[in-house]
Amino acid sequence: DQQVKQNSPSLSVQEGRISILNCDYTNSMFDYFLWYKKYPAEGPTFLISISSIKDKNEDGRFTVFLNKSAKHLSLHIVPSQPGDSAVYFCAASGGSNFGNEKLTFGTGTRLTIIP
Amino acid sequence: SAVISQKPSRDICQRGTSLTIQCQVDSQVTMMFWYRQQPGQSLTLIATANQGSEATYESGFVIDKFPISRPNLTFSTLTVSNMSPEDSSIYLCSVHRQGALNTEAFFGQGTRLTVV
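Chains A and B, in that order, are what the protein sequence lines are. Under the numbering used here, residues 107 to 221 are what the first sequence spells out, in order. Under the numbering used here, residues 6 to 121 are what the second sequence spells out, in order.
Derived from the structure by calculation, the hints contain no laboratory data. Misleading hints may appear alongside valid ones.
[Unchecked claim] Covered stretches of chain B, as calculated for chain A (at least 3 residues, CB under 8 Å):
no.: 1; segment: 45–58
no.: 2; segment: 85–92
[As the list claims (entries may be wrong)] Only some residues are given here: those of chain B computed to face chain A with a beta carbon under 7 Å:
no.: 3; residue: Gly-21
no.: 4; residue: Leu-97
no.: 5; residue: Glu-109
no.: 6; residue: Phe-112
[Said to hold, decoys possible] Computed list of chain B residues with no C-beta within reach of chain A, every gap over 10 Å:
no.: 7; residue: Asp-16
no.: 8; residue: Arg-20
no.: 9; residue: Gln-27
no.: 10; residue: Gln-33
no.: 11; residue: Glu-63
no.: 12; residue: Leu-78
Quick reminder that beta carbons are idealized off the backbone N, C-alpha and C, glycines included.
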């Protein structure tokens, strides 16, 4: 049972344009969401997170939107740069103490930025 | 940010043997998490390791196959026992910590295991 889904396994975007990566979840107990970027031969690195009390969080070129009623979140990268080419995972956590809660990951979307 | 040193970074092992993966964190943490990423798939949690108690395993993972040690608050090991080719994966350790703006999960660089 895949509780966090990324339905697009790959996405190609022109440099300078907006990249939009989507993520859906099924577990209504999830209340904290994170996006990670992963390069080959490296561990995932944290990008941005959002709590369920918000519907938007922005950090530089990265913005995450959360639609709780639709159980959907998206990551917007603008402008897209060649260094953004990587696999992106969304992850979700439930419970009041994230420090001790496990993460449930989506299957990932491979983003390729075309120069 | 947390600095996590994980080793080995990769290994090729014969079936039937065991491999122990080490994870060292630069400061004390309560929980350490061990994940597996099989080829083309998502990261799947194997177990959660709390210092001073037995690890808690997720459905589909058992202690006999993936014994975990957590001798102190900065170190943990995961052993992949009696390996078969199906165990070929990337194994990652992770810790959660408060970052500058958010609570974040930090990962080691991963161990790429190939079983032949």
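Hint check:
no., hint, in the structure
1, 45–58, "holds (count 6)"
2, 85–92, "violated (count 0)"
3, Gly-21, "violated (27 Å)"
4, Leu-97, "holds (6 Å)"
5, Glu-109, "holds (4 Å)"
6, Phe-112, "holds (3 Å)"
7, Asp-16, "holds (14 Å)"
8, Arg-20, "holds (24 Å)"
9, Gln-27, "holds (14 Å)"
10, Gln-33, "holds (12 Å)"
11, Glu-63, "violated (8 Å)"
12, Leu-78, "holds (13 Å)"
Violated hints, listed in ascending order, are 2, 3 and 11; each of the other numbered hints is respected by the structure.
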